[in-house]
Amino acid sequence: MKWQHALKDYQLYLKIERGLSQNSIDSYVLDIKKLILYLEDHNINTSPINISSEDIKSFIYETAKNVNTRTQSRIISGLRSFFNYIMFEDYRTDNPLELIESPKIGRKLPDTLSTEEIDKLISAIDLNKEYNNVKIGERNRSILETLYGCGLRVSELINLKLSDLFFDEGFIKVTGKGSKQRFVPIVDSTQKYINIYKDEIRPFINIKPGFEDTLFLNHNGRQLTRAMIFTIIKQLAKAIGLEKKISPHTFRHSFATHLLENDADLRSIQLMLGHESITTTEIYVHLDKSHLTKVIEEFHPRK
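Quick note: the sequence shown uses UniProt numbering, first residue 1, plus one each step.
Please note that a few of the clues may not be correct.
Stated by the list, open to error - Result set (DSSO-like, lysine-lysine): computed pairs, CA atoms no more than 27 Å apart in a straight line:
(1) K198 <-> K129
(2) K177 <-> K238
(3) K245 <-> K15
(4) K15 <-> K33
(5) K192 <-> K208
(6) K198 <-> K65
(7) K161 <-> K198
(8) K244 <-> K234
(9) K33 <-> K8
(10) K33 <-> K65
(11) K34 <-> K8
(12) K198 <-> K208
(13) K34 <-> K177
(14) K173 <-> K198
(15) K129 <-> K238
(16) K238 <-> K208
(17) K234 <-> K120
(18) K8 <-> K129
(19) K120 <-> K33
(20) K177 <-> K33
(21) K129 <-> K244
(22) K129 <-> K192
(23) K173 <-> K192
(24) K180 <-> K244
(25) K234 <-> K245
(26) K8 <-> K177
(27) K34 <-> K120
(28) K198 <-> K177
(29) K65 <-> K15
(30) K161 <-> K173
No lab work stands behind these hints: they were computed from the structure.
Throw the hints in and build the complete structure from the sequences for me.
Okay, here's the thing in structure tokens:
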């Protein structure tokens, strides 16, 4: 079995059997391609079926010189998953990464913004700014209000459809990782800003075929990119002199943290964020330890 053939089959497996998003699939594949390139550069003539643990250890050692422990751990995990698939297909009986341990890494707590900082960022938007006769300022405000107000991933935001808006019921339909859908509550204020953009700005955009149902569009009438959302946020952070390193995901983290600070329960936050496991949501407890103190004081039987 050749590497390229195995890689192609593995991508289909990740997409069809595991239902992963294209971004996740690309991440898995990238690390395997790095291994293939390493083998070629070092004239190691081997295949997925007979590659040894020593060859993989050499690759990991070489890679570790240029990456941090978190990235190194991700590479090992990705390769282990690939060879588990090779075993699953009965091409080999062992996983060459079975005895290779991932480096210990600390749990990185996400950066967050205060409600005051979020208000400053949104207030810094020039609502009269136009591009190709399109008021992109109003669009940008509705984008940030939606990112924060609904706790969306950037990929979920740019893929929102007009048909996903159920404002009469107070929800939007969100398509998350692995094409899994969930309904997220949307407050009146966020609805208001989306409606301003949708009713007063979007109709004047020359929408290209195939994007008629896409909610957030660029000035050329196509779907916005992830990079464009990053750029909008970076420019606003610079405008208000914010020194924190932020990204679209910072708004999602802030959404969850502020809900917790206001006594929302973890299960509800998990459902709104679309976390498959409650342990992923539990990271927000570490951000606000005062919440744990309040829970003990209010509910402990011997308080």
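These are the hints, each one checked on the structure:
Restraint check for K198 and K129: satisfied, since their Cα atoms lie roughly 17 Å apart, inside the 27 Å limit. For the proposed pair K177 and K238, the alpha carbon gap of about 31 Å is over 27 Å, so the pair is violated. With a CA separation close to 33 Å, the supplied pair K245 and K15 exceeds the 27 Å bound. For a cut-off of 27 Å, the pair hint linking K15 to K33 stands: about 18 Å separates their Cα positions.
With a C-alpha separation of about 26 Å, the suggested pair K192 and K208 falls inside the 27 Å cut-off, and the hint holds. Restraint check for K198 and K65: the C-alpha separation of about 50 Å exceeds 27 Å, so the hint is violated. For the proposed pair K161 and K198, the alpha carbon gap of about 11 Å is at most 27 Å, so the pair holds. Of the supplied pair hints, the one linking K244 and K234 holds, its CA atoms being roughly 10 Å apart against a limit of 27 Å.
Pair hint K33 plus K8 holds up; C-alpha atoms about 11 Å apart against a cutoff of 27 Å. For the given pair, K33 sits about 18 Å from K65 by alpha-carbon distance, which is consistent with the 27 Å threshold. Distance check on the hinted pair: K34 and K8 sit about 15 Å apart at the alpha-carbon level, within 27 Å; holds. Between the alpha carbons of K198 and K208 the distance comes to roughly 16 Å, so the proposed pair stays at or under 27 Å and holds.
Restraint check for K34 and K177: the C-alpha separation of about 25 Å stays at or below 27 Å, so the hint holds. Restraint check: the Cα-Cα separation between K173 and K198 comes to about 17 Å, which is no more than 27 Å; the hinted pair holds. Our distance criterion of 27 Å between C-alpha atoms is met by K129 and K238, whose separation comes to about 17 Å. Restraint check: the Cα-Cα separation between K238 and K208 comes to about 32 Å, which exceeds 27 Å; the hinted pair is violated.
About 13 Å separates the Cα atoms of K234 and K120, which keeps this hinted pair within 27 Å; it holds. With a C-alpha separation of about 46 Å, the suggested pair K8 and K129 falls outside the 27 Å cut-off, and the hint is violated. Annotation: proposed proximity of K120 to K33 is violated, straight-line Cα distance about 43 Å (limit 27 Å). A C-alpha spacing of about 23 Å is found between K177 and K33, which places the hinted pair at or below 27 Å, so the restraint holds.
Distance hint between K129 and K244 is fulfilled; the C-alpha atoms sit about 25 Å from each other, no more than 27 Å. Under the criterion of a C-alpha separation no larger than 27 Å, the hint pairing K129 with K192 is consistent with the structure, at around 20 Å. Between K173 and K192 the alpha-carbon distance is near 17 Å, which keeps this suggested pair within the 27 Å criterion. Restraint check: the Cα-Cα separation between K180 and K244 comes to about 32 Å, which exceeds 27 Å; the hinted pair is violated.
Between K234 and K245 the alpha-carbon distance is near 9 Å, which keeps this suggested pair within the 27 Å criterion. Distance restraint check for K8 and K177: the Cα-Cα separation of roughly 21 Å lies within the 27 Å cut-off, and the hinted pair is therefore satisfied. Under the criterion of a C-alpha separation no larger than 27 Å, the hint pairing K34 with K120 is inconsistent with the structure, at around 42 Å. For a cut-off of 27 Å, the pair hint linking K198 to K177 stands: about 26 Å separates their Cα positions.
This hinted pair does not check out: K65 and K15 have alpha carbons roughly 32 Å apart, beyond 27 Å. Between K161 and K173 the CA atoms are separated by roughly 9 Å; this keeps the pair inside 27 Å, and the hint holds.
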